[in-house]
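Peer 1: First to last, the protein sequences are chains P and D.
Taking this note's numbering, I'd label the letters of the first sequence as residues 1 to 85.
Taking this note's numbering, I'd label the letters of the second sequence as residues 1 to 271.
The hints are simulated quantities; they were obtained by calculation from the structure and are not laboratory data.
In this text, all values refer to a predicted model and were calculated from it rather than measured experimentally.
Watch out, some of these pointers could steer you wrong.
In silico SDA-like cross-links for lysine to any residue, where the CA-CA straight-line distance does not exceed 25 Å [to be verified]: (1) 214/D / 80/D; (2) 20/P / 199/D; (3) 20/P / 243/D; (4) 162/D / 34/P; (5) 174/D / 32/P; (6) 11/D / 214/D; (7) 214/D / 16/P; (8) 20/P / 150/D; (9) 218/D / 231/D; (10) 11/D / 255/D; (11) 162/D / 30/P; (12) 11/D / 26/P; (13) 11/D / 33/P; (14) 20/P / 236/D; (15) 20/P / 187/D; (16) 20/P / 160/D; (17) 20/P / 197/D; (18) 174/D / 43/P; (19) 20/P / 78/D; (20) 162/D / 40/P; (21) 20/P / 55/D; (22) 76/D / 199/D; (23) 11/D / 40/P; (24) 111/D / 161/D; (25) 11/D / 34/P; (26) 20/P / 218/D; (27) 20/P / 230/D; (28) 44/P / 174/D; (29) 20/P / 184/D; (30) 11/D / 44/P; (31) 20/P / 183/D; (32) 259/D / 14/P; (33) 20/P / 69/D; (34) 162/D / 67/P; (35) 11/D / 67/P; (36) 20/P / 80/D.
Here's the letter readout for the chains.
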Amino acid sequence: MSLLQFFKSKQSECSASVAKERLQILVAHERLSRSSHDFLPAMKQDILDVIEKYFQVADNTISVRLDNEGDCSTLEVNVQLPENS
Amino acid sequence: MARIIVVTSGKGGVGKTTTSASFATGLAMKGHRTVVIDFDVGLRNLDLIMGCERRVVYDLINVINGEAALHQALIKDKHTENLSVLPASQTRDKEALTREGIQAVFDELAKDYEYIICDSPAGIEHGALMALYFADEAIITTNPEVSSVRDSDRILGILQSKSRRAEQNLDPVKEHLLLTRYNPTRVEMGDMLNVEDVQEILAIPLLAVVPESKDVLKASNHGVPVIHQQATDAGQAYNDMVARFLGAELPHRFINAPKKGFFQKVFGSRA
């Protein structure tokens, strides 16, 4: 690093670490959506059908997510029940 | 059994054709019978980088369509024994590139060649998918730059889901990271992603680092793959790449900035 650069480079965080951080977040996100399994929409519908036997729920009140972290997979099912049930 | 290796990246302009030319030349220089195929139908350029553009008569699509025999389309390299080039078509319809057609060409090439190098077009369209479909190994050519790294990750996803090996549940395509246009001085200044960063994000083994070099442009001006310029950093980097690919264990070079003298330290230098 030259003397001139020494004074110049103090002003901001180094851009490479910003790039790395942005990429890590982006790539993790994109990999997740890539690995999302094809059966999820069908499974979501099946779960919804069962719930609908007992509650009146709308389509958009259920969310199903499958996460993979290391060798552990988690299935997260979120159902919002109507207030008057 | 011939080994099929695709040189791919997703993003354009990162050095796929430069790499294909030097990698294929390097394998041939080590005595391996090698053919390098341009898959960029409509925008062929490998012939220019290999310096054989005036000897193109027939191309890959002609062979697939049965308009020419394979041996008529193959161009023997003038500088290196054991090396042939199969150019892409300049004008034809890309859809002529079919799996069955490519399979037939590869089967015939496999009788005469040990390595089949596929120079992929940029993007993730038909041509790129065809270039990687039959691959046994992939050279993921990446620049230390956000869009290139992201696109490389996309291509890795495609290799793992849409290649023949993925579809047929065979051993996965062997992936190699090739970091090109690396500038150690800018890395040390904190302006460029370093080797470890890119490796950490893509999580595939590093094959080689090729430094940013003026000699690459000079070599393509002359139509001589840069690996022939053994006095240059880029030439030596490609030489290391080939040796490592063939199993040699070499320390990685061209990762650190050259040491500067006193005057350069004080006044700076044009890197």
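Peer 1: Which numbered hints does this structure break?
Peer 2: 3, 14, 18, 19, 21, 22, 23, 24, 26, 27, 28, 30, 33, 35 and 36
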